[in-house]
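Protein chains in written order, with the numbering used here: chain A, 2 to 105; chain B, 309 to 791; chain C, 1469 to 2012.
The reader is advised that the hints may include incorrect statements.
To be verified - Here are the simulated DMTMM-like pairs of lysine to aspartate or glutamate, each with C-alpha atoms no more than 25 Å apart in a straight line: (1) A:LYS19 x B:ASP726; (2) C:LYS1686 x C:GLU1629; (3) C:LYS1838 x C:GLU1779; (4) A:LYS19 x B:GLU681; (5) B:LYS723 x B:GLU575; (6) B:LYS723 x A:ASP39; (7) C:LYS1557 x A:ASP68; (8) C:LYS1557 x A:GLU18; (9) C:LYS1609 x C:GLU1629; (10) A:LYS19 x C:ASP1563; (11) C:LYS1557 x B:ASP544; (12) C:LYS1609 x A:GLU18; (13) C:LYS1977 x C:GLU1957; (14) A:LYS19 x B:GLU650; (15) C:LYS1609 x C:GLU1482; (16) C:LYS1557 x C:ASP1588; (17) C:LYS1686 x C:ASP1709; (18) C:LYS1885 x C:GLU1868; (19) C:LYS1609 x B:ASP544; (20) C:LYS1609 x A:ASP91; (21) C:LYS1557 x A:GLU59; (22) C:LYS1557 x A:ASP104; (23) C:LYS1826 x C:GLU1764; (24) C:LYS1885 x C:ASP1896; (25) C:LYS1609 x A:ASP68; (26) A:LYS19 x B:GLU646; (27) A:LYS19 x B:ASP644; (28) B:LYS723 x B:GLU681; (29) A:LYS19 x C:ASP1746; (30) A:LYS19 x C:GLU1555; (31) C:LYS1609 x B:GLU575.
To be verified - Facing chain C, from chain A, some residues (calculated, C-beta under 10 Å): (32) VAL55; (33) VAL58; (34) ALA62; (35) ASP68; (36) ASP74; (37) GLU75; (38) PRO78; (39) ALA79; (40) GLU84.
Read the hints as simulated data drawn from the structure, not as lab findings. Ideal Cβ placement from N, Cα and C applies to all residues, glycine included.
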Amino acid sequence: MTRPRDDTPHLAPGQAEKIARLARLALSEQEAAGLQADLERILAHVAQLDEVDVAGVEPLAQPVPLDLPLRGDEPRPAGVRDELLEAAPDRERGHFRVPRVVDA
Amino acid sequence: MELTSLDVRTILGLLESGEASSVELTRAYLAAIERLDPRLNAFLAVTPERALERAAAADVAWREGEAGPLCGVPVSLKDMLLTRGVPTTAGSRILAGWAPPYDATAVARLEAAGAVVLGKTNQDEFGMGSSSENSAYGPVRHPTLPGRVPGGSSGGAAAAVAAGLSAAALGTDTGGSVRQPAAFTGLVGVKPTYGRVSRHGVVAYGSSLDQVGPIARTAWDAARLLEVIAGHDPADSTCWPAPPGAYCAAVEAPEGARGLTLGVPREFFVAGMEPAVEESVRAAVARLEEAGARVRPIRLPHTEYAVAAYYLIATAEASSNLARYDGVRFGPRGGDGETLLELYQRSRAEGFGAEVKRRILLGTFVLSAGYYEAYYLKAQKVRSLIRRDFELAFEEVDAILAPTAPTTAFRMGEKTGDPLTMYLADIFTVSPSLAGVPALSTPCGADAEGAPVGLQMIAPWFEEERLLRLAGAWERVRDGGAP
Amino acid sequence: MSGERRVELLMGLEVHVRLDTGGKLFCACPLPADTTRLGPNQAICDTCTGHPGTMPQIQPEGIHHGLALALALGAEPEDLARTSRFERKHYFYWDLPKNYQVTQIDDPLCPPFAVRWTGDDGESREVALSRIHLEEDAARKQEDERELRVDFNRSGAVLAEIVTEPGFRSPEAAADFLRHLREVVRWHQLGSGQLESGDFRCDVNLSVRWEGERELPKEKVELKNLARLDGLVRVAGSERDRLARILRSGGAFVSETREWVEAERATRSLRQKESAADYWYYIEPDLPDVAVGEAELAAAHRLLDRPSPAEAAAALAVAGFAAEEVRDTLMADPDLGFMAWHVAAAGGSRESCRGLLKLLQLAARELDLKRRNPDEPAFSEASGRASFDRFWSLFRPNLELLRTGLDAGEITPQQIKEIARQTEERLDGLQRRLEAADPDDPMAAAEEVEVAALTRRLWSSVGELLDLHDLAPALEAGDLRRQALDALEEVLAEHPEQRDRWLAGGDPKMAGFFMGRLMGRLPKGTDGRAVRGILDEYADAHRP
Chain A
2 MTRPRDDTPH
12 LAPGQAEKIA
22 RLARLALSEQ
32 EAAGLQADLE
42 RILAHVAQLD
52 EVDVAGVEPL
62 AQPVPLDLPL
72 RGDEPRPAGV
82 RDELLEAAPD
92 RERGHFRVPR
102 VVDA
Chain B
309 MELTSLDVRT
319 ILGLLESGEA
329 SSVELTRAYL
339 AAIERLDPRL
349 NAFLAVTPER
359 ALERAAAADV
369 AWREGEAGPL
379 CGVPVSLKDM
389 LLTRGVPTTA
399 GSRILAGWAP
409 PYDATAVARL
419 EAAGAVVLGK
429 TNQDEFGMGS
439 SSENSAYGPV
449 RHPTLPGRVP
459 GGSSGGAAAA
469 VAAGLSAAAL
479 GTDTGGSVRQ
489 PAAFTGLVGV
499 KPTYGRVSRH
509 GVVAYGSSLD
519 QVGPIARTAW
529 DAARLLEVIA
539 GHDPADSTCW
549 PAPPGAYCAA
559 VEAPEGARGL
569 TLGVPREFFV
579 AGMEPAVEES
589 VRAAVARLEE
599 AGARVRPIRL
609 PHTEYAVAAY
619 YLIATAEASS
629 NLARYDGVRF
639 GPRGGDGETL
649 LELYQRSRAE
659 GFGAEVKRRI
669 LLGTFVLSAG
679 YYEAYYLKAQ
689 KVRSLIRRDF
699 ELAFEEVDAI
709 LAPTAPTTAF
719 RMGEKTGDPL
729 TMYLADIFTV
739 SPSLAGVPAL
749 STPCGADAEG
759 APVGLQMIAP
769 WFEEERLLRL
779 AGAWERVRDG
789 GAP
Chain C
1469 MSGERRVELL
1479 MGLEVHVRLD
1489 TGGKLFCACP
1499 LPADTTRLGP
1509 NQAICDTCTG
1519 HPGTMPQIQP
1529 EGIHHGLALA
1539 LALGAEPEDL
1549 ARTSRFERKH
1559 YFYWDLPKNY
1569 QVTQIDDPLC
1579 PPFAVRWTGD
1589 DGESREVALS
1599 RIHLEEDAAR
1609 KQEDERELRV
1619 DFNRSGAVLA
1629 EIVTEPGFRS
1639 PEAAADFLRH
1649 LREVVRWHQL
1659 GSGQLESGDF
1669 RCDVNLSVRW
1679 EGERELPKEK
1689 VELKNLARLD
1699 GLVRVAGSER
1709 DRLARILRSG
1719 GAFVSETREW
1729 VEAERATRSL
1739 RQKESAADYW
1749 YYIEPDLPDV
1759 AVGEAELAAA
1769 HRLLDRPSPA
1779 EAAAALAVAG
1789 FAAEEVRDTL
1799 MADPDLGFMA
1809 WHVAAAGGSR
1819 ESCRGLLKLL
1829 QLAARELDLK
1839 RRNPDEPAFS
1849 EASGRASFDR
1859 FWSLFRPNLE
1869 LLRTGLDAGE
1879 ITPQQIKEIA
1889 RQTEERLDGL
1899 QRRLEAADPD
1909 DPMAAAEEVE
1919 VAALTRRLWS
1929 SVGELLDLHD
1939 LAPALEAGDL
1949 RRQALDALEE
1959 VLAEHPEQRD
1969 RWLAGGDPKM
1979 AGFFMGRLMG
1989 RLPKGTDGRA
1999 VRGILDEYAD
2009 AHRP
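Could you put together the complete structure from these sequences and hints?
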């Protein structure tokens, strides 16, 4: 069962907005407040993992062990250049176009 | 004879004997889509011309004795699966208008086996949800229970099969997204062992969890689809280099459940679950025991931590996998950003729905410096323990029986207000996903209102044949035939 | 009693080298040796543009080239036989299609080892590498005031990052290591080493402390893009002096990235160095760990098909080339250097070596022109190594014939010089026109076509020369002699007792004994009398 703990890591005020910047998500103030509250609740729940004794336990990244031999492809053109350019919202002379200024 | 209520096996029989043609079948399904889908909203794209063309080719193949194992069978594909030239959105606005430059391996294999693809099915955006209410293109409705959800995230796939809009479907399952909607709509849904089916060409959500799986009316149908899509694919380096098993034969194995030791984990019967679910599952266990299986209680002690571990791992993976949606190379571009930063922020703010943003934020947070060890690494260690639980259990038993979900199909809007409540609905499906083991859901009764209950069967890694043997045996027991 | 304490520089390099494998690291897109000649987005696919559903697939060539680089720099094979893995490093930028870069963080391909080399001044030098790892390259751009246009040709290209410890105490020492590294990369044809195309890039980090202190300073300054040796020495020297002044004045400096401003002849702060927190990391879940075993190491060794640059230079010096010529002409062009080494190592007179040098230089130019010629796709689209191998297989037989002819006095150096002169004139003219040509001009393509015709003329001149002197039989005789002597050495080594009796003379059966065994090792139909002649000659030369 989830129980409140003193050492439950809390989100600092405005933390949601900070992470949103890192993840390149523009949030309205209302969205940010709502998500901050959601994250706090979710983090309070996942704090139950602190009950688990994981001393000496190796982290598991892949559920099935993978030790496949390397095998590559013969280099060959994919032949999808035009399709890929066609898919882009803004393209120019065979390029993908973006604003030049990174941040104001 | 209502063509759209038939299972795949019956359809193949009709096609083989010439009693029905694929064109005829395909027309019937397309007509059903036109009639029923405006209400169900199960499809995001329908491709009638392409389907009829392929159906005609399938009819020729049957006549010429060149029919593949799914020749002429009308199927649908969850919108997570890439289809060359056919819009693929993963239920998200951020992929609106995108037509992939290639087919997913599973799709290519399905088509090579002769299947006729009718269209792409609706889903929770990027697979993030358990009710199919999180689609940018509106929620999917339950085909038989008004006001209830069809489950998620492969809700469109399940609704399509249950309502007779496609004979079978492919979904994707990250934490239960094939099994739970199958349970909610009274169908069979299989999540194969991680690595059994290629993920190449599947929109990635949680890369160490995602698997493609069939949703169908019967175990045999699901087995046939799995036989077609499973097996090594060099394009997916995590795909197991072994040929698929004889799954259809396993469904019909004459020994049925006899000789199998089945474990029932105590942790899968928790306070707060719907009584009808517990009763139906326990009754099913008892009937399998009568049919010759040995049943014994087992422990999977870390089950209660699975939801927390799952949501940390899946959202971390999602935050990474979804970084590429930025309005530069595909999909719509948000706003008229003056700067690159604005372009990213607006494209993503306008393109992603609320639940996706929530999970990206959570995932970015747990991977960010200072929190990685406390959250993500911890969750991976708990994942180790969950996998170990299954290893120990499978030293004692051949397969595990459990409910697929703690409730039957819940009401639309019931859980949308509180993300945590929605996450907890996945409590029984996430631990097999974390462990990577194969699992399926098969119907085992209904509640008082007629809402189907799903029985979850779980087998050891790469033992899909055993899993389907058990599922076949259960269908015969359930339907009163020979065990 | 001067109290002036001395300031010590701590300088490390992070060098990015594009490995020319003929392709990319995680997809099947071919990539030529010189990517600057590709049109925008010509070498792209769904994977290297980060489309949904794509999955990386490790191309073994990338691993093999990375291992070969480590071996060529002196890593021990046993240190390389290990498991490494790829991770995702996240930051949003237009040059990353997935907004993360697949790279190696915790388990690099190559663990720490020391690189030893001979410096420009002849002194032996050493620096500790902290790692060599592999990663995918990023996209390139074209830009004007308004917009930026992205080209993904380079996205996913194979990069090796070579990271040194802050072990250099002077900018000159760092520059000397950079020179060595580039020479190794180019000599072994692991990459072009070109600075202009970004195939060889270098970032510098430096810091200062009082001499005698042991601790590493906490703060360091990073300087980007200093692959030019003169620039590296000048900029790093200036920055060292700036930091030393701060230290002497009792001030402190902060970690930051700085850039050189030519007008001010000083560096200027670009931005505070991002803390690691601005990136986020995650394992690459779509890739298995990379296990390096015997097969991978063998493949890496196969890429190192020639001696080290130092050994090759020594062989050329023995063949009579002046040290400056070896360094500035022969070794400066790895294709030329390799061919020259081959000729020198095969023996022959100094005169023939020198006579052939001119042709080798022309050959190196010819190869370069072939690579630029769209009508020779086998050369222009192949990786540098592949196009060289193809060229060498065509060139080598001619070279052997010429050398034999020169050694035997059947061809005169004047004849070679005349061919070289005519060919050079034509190549000069063509190259001038090529360089002046507008790439969009349809005539330019026609000019390039001429490359093929022209180079064919070079070899037809050589061919005529060889025909004139009927040298093919001479080559055959030379070949037989080499083969017979090689086989004889083997046979003699296997029968030391009989060898001594034969060479001591007086036992006529012994010549027959060896003759029989020798013939057994030579191709069927070999002329027995010729072999007997070689055998007798050998005995005469080796009698005590």
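Consistency of the hints with the structure:
At roughly 23 Å between alpha-carbon atoms, A:LYS19 and B:ASP726 fall within 25 Å of each other, so this suggested pair holds. For the suggested pair C:LYS1686 and C:GLU1629, the alpha carbons sit about 23 Å apart, so the restraint of at most 25 Å is met. Note on C:LYS1838 and C:GLU1779: the hinted pairing is violated, with a Cα-Cα distance of about 29 Å set against a maximum of 25 Å. In summary, the hint linking A:LYS19 to B:GLU681 is supported, as the alpha carbons are separated by about 19 Å, within the 25 Å threshold.
Of the supplied pair hints, the one linking B:LYS723 and B:GLU575 holds, its CA atoms being roughly 23 Å apart against a limit of 25 Å. With a CA separation close to 14 Å, the supplied pair B:LYS723 and A:ASP39 stays within the 25 Å bound. For the given pair, C:LYS1557 sits about 23 Å from A:ASP68 by alpha-carbon distance, which is consistent with the 25 Å threshold. Between the alpha carbons of C:LYS1557 and A:GLU18 the distance comes to roughly 21 Å, so the proposed pair stays at or under 25 Å and holds.
Taken as a hint, the C:LYS1609 and C:GLU1629 pair is honoured in the structure, with Cα atoms around 22 Å apart against an allowance of 25 Å. A C-alpha spacing of about 23 Å is found between A:LYS19 and C:ASP1563, which places the hinted pair at or below 25 Å, so the restraint holds. A distance of roughly 21 Å separates the Cα atoms of C:LYS1557 and B:ASP544; the hinted pair therefore holds under the 25 Å criterion. Distance hint between C:LYS1609 and A:GLU18 is unfulfilled; the C-alpha atoms sit about 31 Å from each other, more than 25 Å.
For the proposed pair C:LYS1977 and C:GLU1957, the alpha carbon gap of about 19 Å is at most 25 Å, so the pair holds. Straight-line distance between C-alpha atoms of A:LYS19 and B:GLU650 comes to about 15 Å, which keeps the hinted pair within the 25 Å bound. In summary, the hint linking C:LYS1609 to C:GLU1482 is supported, as the alpha carbons are separated by about 23 Å, within the 25 Å threshold. As the CA atoms of C:LYS1557 and C:ASP1588 are separated by approximately 37 Å, the hinted pair breaks the 25 Å bound.
Taking the CA atoms of C:LYS1686 and C:ASP1709, the gap is about 18 Å. The hint holds against a cut of 25 Å. Restraint check for C:LYS1885 and C:GLU1868: satisfied, since their Cα atoms lie roughly 17 Å apart, inside the 25 Å limit. Restraint check for C:LYS1609 and B:ASP544: not satisfied, since their Cα atoms lie roughly 30 Å apart, outside the 25 Å limit. Only pairs whose Cα atoms come within 25 Å are accepted, and C:LYS1609 paired with A:ASP91 is accepted, the gap being roughly 15 Å.
Taking the CA atoms of C:LYS1557 and A:GLU59, the gap is near 22 Å; set against the 25 Å cutoff, the hint holds. Proposed proximity of C:LYS1557 and A:ASP104 is supported: the alpha carbons are some 21 Å apart, at most 25 Å. The hinted pair formed by C:LYS1826 and C:GLU1764 fails the criterion: a straight-line CA distance of about 39 Å is larger than 25 Å. About 16 Å separates the Cα atoms of C:LYS1885 and C:ASP1896, which keeps this hinted pair within 25 Å; it holds.
Pair hint C:LYS1609 plus A:ASP68 does not hold up; C-alpha atoms about 38 Å apart against a cutoff of 25 Å. The hinted pair formed by A:LYS19 and B:GLU646 meets the criterion: a straight-line CA distance of about 21 Å does not exceed 25 Å. Distance check on the hinted pair: A:LYS19 and B:ASP644 sit about 23 Å apart at the alpha-carbon level, within 25 Å; holds. At roughly 31 Å between alpha-carbon atoms, B:LYS723 and B:GLU681 are farther apart than 25 Å, so this suggested pair is violated.
For the proposed pair A:LYS19 and C:ASP1746, the alpha carbon gap of about 11 Å is at most 25 Å, so the pair holds. Simply put, A:LYS19 and C:GLU1555 have alpha-carbon atoms about 24 Å apart, close enough for the 25 Å limit, and the pair holds. Restraint check for C:LYS1609 and B:GLU575: the C-alpha separation of about 56 Å exceeds 25 Å, so the hint is violated. Interface hint status for A:VAL55: violated, as the beta-carbon distance to the closest one in chain C is roughly 18 Å, over 10 Å.
Of the supplied interface hints, the one on A:VAL58 is violated, with its beta-carbon coming no nearer than about 17 Å to a beta-carbon of chain C, more than 10 Å. The criterion of a C-beta within 10 Å of any C-beta in chain C is met by A:ALA62, whose closest approach is roughly 5 Å, and the hint holds. Interface restraint check: A:ASP68 against chain C, minimum CB-CB distance 6 Å, threshold 10 Å, status holds. Below 10 Å, beta-carbon pairs count as interface contacts, and A:ASP74 has one with chain C at about 4 Å; its hint therefore holds.
Given the 10 Å rule on beta carbons, the hint for A:GLU75 holds: about 7 Å separates it from the nearest Cβ of chain C. Taken as an interface hint, A:PRO78 checks out: its beta carbon lies about 6 Å from the nearest beta carbon of chain C, inside 10 Å. Given the 10 Å rule on beta carbons, the hint for A:ALA79 holds: about 3 Å separates it from the nearest Cβ of chain C. Here the hint on A:GLU84 is kept, as its CB sits about 9 Å from the closest CB of chain C, short of 10 Å.
In this structure, the hints that do not hold are numbers 3, 12, 16, 19, 23, 25, 28, 31, 32 and 33, in rising order.
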